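Undergrad: Both chains are sitting in their own frames, so use the hints and assemble them into the complex.
Respectively, the protein sequence lines represent chains A and B.
Note that the numbering used here has the first sequence beginning at 5, numbered continuously upward.
Note that the numbering used here has the second sequence beginning at 39, numbered continuously upward.
Since the hints were derived computationally from the structure, they do not count as laboratory data.
A quick note: this is a predicted structure, and the numbers were derived from the prediction, not measured.
Note that CB positions come from ideal geometry on N, CA and C, so glycine has one too.
Take every hint as true, because none was put in to throw you off.
Some chain A residues near chain B, calculated using beta-carbon distances under 7 Å:
# : residue
1 : F13
2 : E15
3 : A41
4 : L69
5 : K71
In silico lysine-lysine, DSS-like type, Cα no more than 27 Å apart, as pairs:
#  : chain 1 : residue 1 : chain 2 : residue 2
6  : B       : K362      : B       : K57
7  : A       : K86       : A       : K113
8  : A       : K79       : A       : K113
9  : A       : K71       : B       : K447
10 : B       : K123      : B       : K63
11 : B       : K85       : B       : K66
12 : A       : K71       : B       : K432
13 : B       : K106      : B       : K362
14 : B       : K349      : B       : K320
15 : B       : K471      : B       : K447
16 : A       : K71       : B       : K454
17 : A       : K17       : B       : K447
18 : B       : K58       : B       : K120
19 : B       : K246      : B       : K362
20 : A       : K146      : A       : K32
21 : A       : K17       : B       : K454
22 : B       : K439      : B       : K471
23 : B       : K362      : B       : K41
24 : B       : K100      : B       : K63
25 : A       : K17       : B       : K469
26 : A       : K17       : B       : K432
Chain by chain, the residues run as shown.
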Amino acid sequence: MSLKQLTVFVENKPGALVAITDTLAEHKVNIRALSIADTQEFGILRLIVSDNDTALVTLTREGYLIKTTDVVGVKIGDQPGKLSKALAVLDEAGINMEYLYAFMSRTEKHAYVVLRVADNAAAETALEAAGFHLITDVDINKL
Amino acid sequence: MEKRYYQPEIETMPVEEIKKLQSEKLVKQVRHVYDNVPYYRNLMEEKGVTPDDIHGIEDLHKLPFLTKADLRDAYPYGLLAKPLKDCVRIQSTSGTTGRRVVAFYTQHDIDLWEDCCARAIVAAGGTEEDVCQVAYGYGLFTGGPGLNGGSHKVGCLTLPMSSGFTERQIQFMTDLNATILCCTPSYAAYIGETAKEMGLTPDQIPLKAGIFGAEPWTEEMRRGIEAALGIKAYDIYGLTETSGPGVSFECSEQTGMHINEDHFLAEIIDPDTGEVLPEGSKGELVFTALDKEAFPLLRYRTRDICVLTRKPCSCGRTHIKMSKPMGRSDDMMIIRGVNVFPSQIETVLLQEGYQPNYQIVVDRVGNNDTFEVNVEMNPDQFEDTVGGITAREKALADAMKAILGINPKVHLVAPKSITRSEGKAVRVIDKRKLHD
Numbered sequence: 005m006s007l008k009q010l011t012v013f014v015e016n017k018p019g020a021l022v023a024i025t026d027t028l029a030e031h032k033v034n035i036r037a038l039s040i041a042d043t044q045e046f047g048i049l050r051l052i053v054s055d056n057d058t059a060l061v062t063l064t065r066e067g068y069l070i071k072t073t074d075v076v077g078v079k080i081g082d083q084p085g086k087l088s089k090a091l092a093v094l095d096e097a098g099i100n101m102e103y104l105y106a107f108m109s110r111t112e113k114h115a116y117v118v119l120r121v122a123d124n125a126a127a128e129t130a131l132e133a134a135g136f137h138l139i140t141d142v143d144i145n146k147l
Numbered sequence: 039m040e041k042r043y044y045q046p047e048i049e050t051m052p053v054e055e056i057k058k059l060q061s062e063k064l065v066k067q068v069r070h071v072y073d074n075v076p077y078y079r080n081l082m083e084e085k086g087v088t089p090d091d092i093h094g095i096e097d098l099h100k101l102p103f104l105t106k107a108d109l110r111d112a113y114p115y116g117l118l119a120k121p122l123k124d125c126v127r128i129q130s131t132s133g134t135t136g137r138r139v140v141a142f143y144t145q146h147d148i149d150l151w152e153d154c155c156a157r158a159i160v161a162a163g164g165t166e167e168d169v170c171q172v173a174y175g176y177g178l179f180t181g182g183p184g185l186n187g188g189s190h191k192v193g194c195l196t197l198p199m200s201s202g203f204t205e206r207q208i209q210f211m212t213d214l215n216a217t218i219l220c221c222t223p224s225y226a227a228y229i230g231e232t233a234k235e236m237g238l239t240p241d242q243i244p245l246k247a248g249i250f251g252a253e254p255w256t257e258e259m260r261r262g263i264e265a266a267l268g269i270k271a272y273d274i275y276g277l278t279e280t281s282g283p284g285v286s287f288e289c290s291e292q293t294g295m296h297i298n299e300d301h302f303l304a305e306i307i308d309p310d311t312g313e314v315l316p317e318g319s320k321g322e323l324v325f326t327a328l329d330k331e332a333f334p335l336l337r338y339r340t341r342d343i344c345v346l347t348r349k350p351c352s353c354g355r356t357h358i359k360m361s362k363p364m365g366r367s368d369d370m371m372i373i374r375g376v377n378v379f380p381s382q383i384e385t386v387l388l389q390e391g392y393q394p395n396y397q398i399v400v401d402r403v404g405n406n407d408t409f410e411v412n413v414e415m416n417p418d419q420f421e422d423t424v425g426g427i428t429a430r431e432k433a434l435a436d437a438m439k440a441i442l443g444i445n446p447k448v449h450l451v452a453p454k455s456i457t458r459s460e461g462k463a464v465r466v467i468d469k470r471k472l473h474d
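Okay, chain B solo, but in the shape it has when bound (with noise of 0.2 Å):
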């Protein structure tokens, strides 16, 4: 396969050189961070460190992580580093969890994120004879928005589908020739299904490639889409924190995904003491922007569990691979695409009167996440009829869809009935088999 890339002075740059472009743009990343943005300036004076220590990325180390409670605490504009007139766009999370995260771009952020797609999109095959379908969600969520870009920046005829409407977006790739397919690898798998119900076989659909990605996919999954849509699959990462979709990318290896360390600096660390791993160890991905302007986050402890390597790759890229995430350092969990915390189900509980003995049974049938809930009762909240205790198992579902934007099923069940175990209870059992 002939080697392609978007930026091939960047991608294939030696690795003594990126360190040393990594070195000069974090010393001046710090110098600008810790000008313009007294919530971490604080951070650091609390850890002795001024910009004058960091002399390259051998000092990074001495810097403060920032962690999803920070972006808490500085929401909306703490950790903002730009005037908001030099601002042009606001990308957020899901936001109905209550931590939602608001990220700031300017044009320069823009830029950079979209090229960083637009490099995901030529290691997939992309050309601007390609026809790109988008179908990520367009809006807050950065997916759509992120791979229009780099669509766009790649010369593709982009088709700016968004989510949903599947049948429409059936007709839409065979009768348009779509040949490159972005979205989220369970929605791909649902497009398979409904095109082979639709009565087409996959040499009828015109794809040759597809970019999946911002949720936990197999690599049972990946063949299963990639038999289904008769295409290569590819996986791409990213969040919202670090500007979306794109932060690193698979290439025709499929081993593991380039970060785009241009702009991204990797660590891995121990996730319970925060000291820096050597590579090739398995621990908490952190991630430093490196020439992000407005919301340039330095030390983002991102709670993704992977692993680093750096090898020569046959596509001829220079840059770090990620493993694909393994796992999350907190109990947070993705289900149908909406991170779900224990705590919040905990919350609901304590709200409606119950107290918080629960267990959550996540599971995955075909494709589709099944999300249970098990509830501990209090001898005053049975009901001696079936319709009674129905109606509570509705109600406090229908309260845990009001904050988690899922519908869960609750079932309520007898006291001390749920498994512990020493005394501790059993608070999540993930069976769906994301990691190989």
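Bound-form chain A, shown alone (with noise of 0.2 Å):
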């Protein structure tokens, strides 16, 4: 069921994340969403990306720390309240989150929402109780 994130460690230094971009683009990996933790010594960069394996063997070959991480992906409609509502049930279900982020669909009029949390079969089953659409690495490159 699960969403495959790319999580890659980046130095806080000048050009360091346009180099990661870079290998991505030359490889022809598209990147459907991303977010950046960064504290003043490192960049923790998330991706979402169109071939993860593509991604993790040439990033991991240029020398990058690179892992693959489970992630929830939500279909949530684009409209205000319908965030608030899937936070709602993470909350009810006493489901810690460690972080989240966003992105919009090209093709419907749809936002997901890629979440981080401490148990990810329970987020799973809880929203879909609730009625939510989760989506997948299949799904990511129909959207």
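TA: Here it is, written out as structure tokens:
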């Protein structure tokens, strides 16, 4: 069911990010969504891409510290209050969230939220029970 | 300035007489060590030397060296040359490093050590009219006990403050008119800053002189302390292995430290070959204790790099002078007064499951050392949250603090991101300008 996210360690110095996006572009990997968490010393780049395997192999070969993380992808109506509803479901189920980020679809009038939670399976069950539609790696390339 | 000495007959003894005295003492000392310290006797036998081969200081080069590794191997009693019933004191190095040195003293040893400290106090202008505030730590550390004893011998009114409680230090200093301050140079600088914050100007501080040692400091730092406290600042040198502070000390000239040559015989060697270098050469300082009884180290390699010079000194003292140490022949660093070896960092990393790919960055901001350790992560140590990475950094810093006794700032970095020169990682970057 799950959605795979690539997580890359980025040194906090000029040109560090563009080196990564250039590598992905060279190998025709499309970035669907991204987020960066940064501190003074380092950043953590989180990517949802069109081709996980290629991205993983090429970035690893370039010497990046990279790992695959299972996250939860939720389809959310592009209307005020829809995100709150999804978050309330997790809250009620007592599931702790580490971070989230969102992106829009090119083809449908929908937003998608990527969630990193303490317990993926529990989050997925709770969200589906509340009527939310979850997305997977297969869906990503159709968006 | 009036020339004053604590033991004038010794401190101004003609050089030829000093050498004769050293030779006599050395012959006796080698016999004493050979007869009482099996560890050193074995080293001598391995080199094929007996006490009969030592006729004077010209034969010193025949004797084997002692190193920190020997002290560790022989811990705790292996280099003891007197029965414990004849010993009255133990002093020790900081100890958290796993390279603790435990030194033993007879009453005779304490006396000669305190005499050395008394010479330093008198050279800094101390008399029985002075109030001497000792703000070195008291306890196993040699700083407090050494200067405390020297202060008593001179007849100063002694304020045994130990270190810390800085406002109280300044309160005592001003209320009781302390005229001489003994502490580490970084603490002296801190006292100066605190006094200023308390609204005191240098002329409201009764001090006239300070005797500062136990860590590296620069001429610039000296000038800063002198201006902040309105004093003349004197350097003092020593190490627990040789007794403590007072092995050498500065006089009014402030151009190097006179070694107390009647007790400590100094050599400069090439740290790589062990060859003795001529006077004026830069090399590793080696000490032989000439008349210590309980813990008499012969040819002990200090790892400090410096230069010895024997020139007539305007103060009238004839004893040879050593420069401020210009560095170390091993990779030890002194950070915030604590000895730190890169190998200790390596041990912690291996214990905690990291590869030993790291870099230590030391700097000095104001008068405080900053201490950072960059560590390369493996993919399995990489967490996808900031909290996860900072928690790992904190855990590593805590593990290092447990071994080193001081707290580093740990940064986890990407693999292969640490500078390598010719394939070899640069382990230590010391940005402090401690040596002029």
